[in-house]
Amino acid sequence: VSRAGTQEIVGELREILARATGREELLGTSDETPLFGAGVGLDSLSGVMLLREVRRRYGVDVAAEDLNLDALATLGTLAAFIKDRSS
Amino acid sequence: MMVKCVIWDLDNTLLSGVYLESGTQPPAADPAMLAVLRQLRARGIIHAIATKNPAEAARYAARVTGMEFAAAECGWGRKSDAVRRIIAELGLAADAAAFVDDDLYERAEVSLAVPEALVLSPEDMADAVGWPEFSPATVTAEAGRRGEMYAERRRRQEEARAFAGSRDEFLRYCGTRVTIAPAREEDAPRLHELSVRTHQFNTTGEAVAEAALRALIASPAHEVTAVRVSDRFGDDGLVGACIVDLGGGVWGHGVRGVPGEAECPPEASTERGQGEWTVTLLMMSCRAMGRGVIEALLAWLARSAARGGAHALAVPCLVTPRNVPLRLALAAAGFRAPETPELPSAEDVARYCRALSLTTLPALPGWSSAPGEP
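Chains A and B, in that order, give the protein sequences.
Sequential numbering from 1 applies to the first sequence in this note's numbering.
Sequential numbering from 1001 applies to the second sequence in this note's numbering.
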């Protein structure tokens, strides 16, 4: 994990997101697509699954460190957050 | 911590023998455990099965006990994995689960791997029905139907997995109806129950007594709102509520001195209570998660507050690992808490806030109906 680049993490997160939501089309989510709101529509259920998988795979507990969950703005911000803490 | 679900072993626990070693006549239900099952069901506690047996053993157990089990894990893997999968499937917190097994080794394995769960032998379980963990103060209509509602939920989830489309499309396909309405006095027992039982979606983590709820419902300075949800799979009844302090209230976290508390937006500080609505309690059953309920409630709150002349809506919320789902919903609805130099340690209160303007009101989801909405 420590050597993975941000883009590599984005790719992994994309797969996690598609699996958490059961929506294959989310494999096409760019690293700048907003996760909240129309489009991806991240909600409590899919959000919890995403955070749980992030903690399991990267050992990063986003909810414990990010009061406003700003890291979840896009896959790019989430990957950067993870990379910051796991390198 | 109240137990919401008891996860049962079958062989020599719920059944008075070993299922696969009984030839043509499988063992009967254990009479003592059957009595426990029925008693707990009447209190709104649900049941599940974790057994090292083929899947037909769970169907047999359902038939011979006459019970509907909310989940069943059959197979030869670790019991702790089965327990974890059941907890996840039912959307429970691990400390809301109890596990009953006659085998000392299985109990040890589960206690080690899922330390939050209450692990009991069948003998302990017979006693435990009298423990506070298994004794809700009141049993509401929702609690009495809980086993069925979990079965409805399982059918809903099976269809959701097979459904191609977004969550909103699925909610419409299900005929989801979210009904927001002022709470009535007769809702007080269920509201009390929600205040005790909800953790993943609860801003205060404090139980509110029925009498206090009746007073709040009657109070002109407060607005207590109840949310119900139903769809073609079933009616879940009253699943959530919020209490709004319409100004200068005397109750709840919203008026306590919160460390580092800041008004939002900052210039509002002079007219607190005038221009800002404070939600002193927001709670929802985790069963309603993923069904558009919390989104509808937050959107309606913002719309009502804005129409009531408020320029901000504040939701003081305890920051704990348990209510991350609620923080996700708040973030998705555009709420933010002032950043503090230090991260809030567990059990601090953060004041999540959303600025309001009549021109940028959030839309109320199409599956909801609410006062003041067409």
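For the record, the hints were derived by calculation from the structure and aren't laboratory data.
Errors might be hidden in some of the hints.
[To be verified] Chain A stretches covered by chain B per the calculated footprint, using a threshold of three residues with CB under 8 Å from any CB of chain B:
no., stretch
1, 10-19
2, 47-61
3, 74-83
[To be verified] DEER-style ranges, computed between Cβ atoms:
no., chain 1, residue 1, chain 2, residue 2, range
4, B, Tyr1173, A, Ala18, 37 to 47 Å
5, B, Ser1357, A, Ser30, 22 to 32 Å
6, B, Ser1111, A, Pro34, 36 to 46 Å
7, B, Ala1088, A, Ala18, 10 to 20 Å
8, A, Ala38, B, Glu1148, 41 to 51 Å
9, A, Gly5, B, Glu1342, 28 to 38 Å
Virtual Cβ for every residue (Gly too), placed ideally from N, Cα, C.
(Q) If you test the structure against every hint from before, which numbers come out violated? (A) 1, 3, 4 and 8
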